[in-house]
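Chains A and B, in that order, give the protein sequences. Residues 1 to 676, numbered by the UniProt record's numbering, are exactly what the first sequence covers, in order. Residues 1 to 105, numbered by the UniProt record's numbering, are exactly what the second sequence covers, in order.
Source of the hints: derived by calculation from the structure; they are not laboratory data. Since this is a predicted model, take the numbers as computed values, not measurements. One or more of the hints may lead you astray.
[Said to hold, decoys possible] Label pairs and their in silico Cβ distance ranges:
hint: 1; chain 1: A; residue 1: GLU447; chain 2: B; residue 2: LYS61; range: 45 to 51 Å
hint: 2; chain 1: A; residue 1: THR438; chain 2: B; residue 2: LYS61; range: 47 to 53 Å
hint: 3; chain 1: A; residue 1: PRO644; chain 2: B; residue 2: LYS61; range: 42 to 48 Å
hint: 4; chain 1: B; residue 1: LYS61; chain 2: A; residue 2: ARG401; range: 56 to 62 Å
hint: 5; chain 1: B; residue 1: LYS62; chain 2: A; residue 2: LYS604; range: 35 to 41 Å
hint: 6; chain 1: A; residue 1: LYS333; chain 2: B; residue 2: LYS89; range: 34 to 40 Å
hint: 7; chain 1: B; residue 1: ALA59; chain 2: A; residue 2: GLN334; range: 35 to 41 Å
Cβ atoms here follow ideal geometry from the backbone N, Cα and C, with glycine treated the same way.
Take a look at the letters that make up each chain.
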Amino acid sequence: MPGPSPAKKTLDKGKGKKKAQDSTQSQDYVPPPPPMPGDEAFAMPIREVVKPDNQLRLSDVELNEEVAKMLTANNPAAPKNIVRFNMKDKVFKLEPMVEQTVVHYATDGWLLHKSSDEAKRQMDMEKMEQEASARFQADIDRASHEHKEHGDVEPPDDSRQLRNQFNFSERAAQTLNYPLRDRETFTEPPPTATVSGVCTQWEIYDEYMKDLERQRLDEAAKARGGKKHSAAQHGSNAARTNEHVPTLQSPALLHSLGTLDRMVNQNMFEEVAMDFKYWDDASDAFRPGEGSLLPLWKFQSDKSKRRQVTSICWNPLYDDMFAVGYGSYEFLKQASGLINIYSLKNPSHPEYTFHTESGVMSVHFHPEYANLLAVGCYDGTVLVYDVRLRKDEPIYTASVRTGKHNDPVWQVVWQVDEAQKALQFVSISSDGNVNLWTLTKSELIPECLMKLRVVKAGETSDEDPTASGPAGGCCMDFCKMAGQDSIYLVGTEEGAIHRCSKAYSSQYLSTYVAHHLAVYAVNWNHVHPNMFLSASADWTIKLWDVRDPKHPVMNFDLNDSIGDVAWAPYSATVFAAVTDDGRVHVFDLAQSKLLPMCSQKVVKKAKLTKLVFNPKQPIVLVGDDKGAVTSLKLSPNLRITSKPEKGQRFEDLECAKLDAVVEVARKSDADLAKRS
Amino acid sequence: MVDVAAVDETFKRLQSHKGVLGIIVINADGIAIRTTFDNDLTVQYAALVSHFTVKARSAVKKLDGDNDLKFLRIRSKKHEIMIAPEFEKSHEYYLVVVQDPSRDS
């Protein structure tokens, strides 16, 4: 093979080698066509012929000169001086034969010579493949033919011939399975024991607390030293005595229940409570001389329904608490008695309930020991309850043995005796006795203050009252003035009122021939020392001056039997009365001397029996003969009271108010007497 | 100790009040020992109320160490939940009454 010719060296770029060669040969440079603006993409690539600096520059003559070249079989690059060590001659000898062949390019061809061995083998293989294929095709044809003839002939097994890659052959190999053998060994079982127990969370908790306590005590004992060790143990003993109380029996739970009961009631009677606290009848401002009563809660229980309210008494300690006595005024319809103690906070259920054998006629709370409740019964017994004990039995009972009244006890009144520390109360009964009961350690000891006797109209009081027959007491009231608390008034069934003193048991201080029928209530004025009211079944209320037993100061006819009358605690001129037709009448003598400020029917189909003012709140309670107690709020016109300025006393102002009323009444009476 | 009958009677009375939906007594462990709700509601109330009460008490106590929680009233849109807790160790409990104050019967 000839070596490369060094005749011409051109450096070409890109395609068009021949053209470049031509241009080089002709030594003229053809500039590329100027690029057309906007079609650079389609412009022909720029061709440039660059001659290297060291290129031999030949003139045209030189270029045209013919250069003869000889091709030889000798490789000019082959070495000519190779020497090799000749083992035979043991000298270096020149190698005469040098490889002259230079391989410039070599490639294996794919053409075979037909007569070569390789070609023969290949032809044999092709021949075998064709035969196998033809055989298989024949099989398939025959099988499909046969299949058409007998459907159950299996298709020929084509697993040997892999027609395509989706043909698989399954191969299984059976290996030797070793037979299973059991090999057992027995050991001694470990010893077991069953331990069981039941433990509540409580017990765990208690134990923890005990442990804590013990640790604490131990530490305390360490800190204090061994000396006080015994004291610490004593402490732990004391702690242990604080025994566990079941939750459902704890008094605290009962207390909580009571509180929640009140809360629920508060929600139930929310509007009423709001009225009680904040509502005032605004229309009162436009109608002086008139007032109204707003019914609030109604207190009633299943047990009280068939009984009559015979007495109501506010608790002196708690403004919202009052006791109600239930019994019967009718001789033929007597039943067991009942006392309910209600709170305004829980109108639906009494806080305390006590049962008595006989109908309750009168109740009274002790003004200082507010838990003591004196009770008078229809059969003449008097009882004392301790409300706090919550036990349905009295702490004191006046029995036949110790002496009791023989007829209904219409009123009981506690005595507050400064000198004597013993607890005492006074009772009045239809049998004509006024008894003073003293509470000793074990029993009630009676002392007769007065035996009431009938005094005929016109008789003077200084005659011996024992001369005539006994009179039945109906009601009584002690003077509310300081220093005169031994003076009391007694109203009788015969209509007379007697002024008596605890100091003298034999004589009346004075006798007022007041009414034609039984006197149901007498009531001293709260402020004025000399004025009192009496109410009677003969439809009248009379205002009396203590010093004038002959004539009442004023008369009020209410057209029905009057159950009760009471002065208001906040004013000397306001009083209220209840009548059998279910009306409550409220008078304010300072505003109207003749007509009631308010005469309102508060119950349907029931007789009102009792009325009491709350000592602080502007409400009254009225009881009826159907066993219900209704609370009523007094409108602003019904509770006008004098506002003392500096240097004035409230009592003086109120007394003056009442005195003025009495003055006018006396004058008109005198005028009437003159005319007649 | 008080008579269980007295407690029972008060329970019945409370339950009969109008609008009262139920009463639960929960002990210190948050387990209802007495209830008028069904089981699911009871468990829910017991868990939530006891946590809430303890939380409320801790708030009160943190404000003033000598102070303690006496009662809790939660007025919600639908109900009023009243809680009377007792933290005395020997008989710790929470008494819960749920009332619907707007209900008429």
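Here's how the hints hold up against the structure:
For GLU447 of chain A paired with LYS61 of chain B, a C-beta distance near 57 Å fails the hint of 45 to 51 Å. Taking 47 to 53 Å as the suggested C-beta distance range, the pair THR438 of chain A and LYS61 of chain B conforms, at roughly 51 Å. Distance hint check for PRO644 of chain A and LYS61 of chain B: the Cβ-Cβ separation is about 47 Å, which falls inside the suggested range of 42 to 48 Å. Look at LYS61 of chain B against ARG401 of chain A: about 58 Å separates their beta carbons, and that is inside 56 to 62 Å.
For LYS62 of chain B and LYS604 of chain A, the Cβ-Cβ distance of about 56 Å falls outside the hinted range of 35 to 41 Å, so the restraint is violated. Between LYS333 of chain A and LYS89 of chain B the beta carbons are some 54 Å apart, a value that contradicts the proposed interval 34 to 40 Å. Judged by the Cβ atoms, the range 35 to 41 Å given for ALA59 of chain B and GLN334 of chain A is violated: they are separated by roughly 59 Å.
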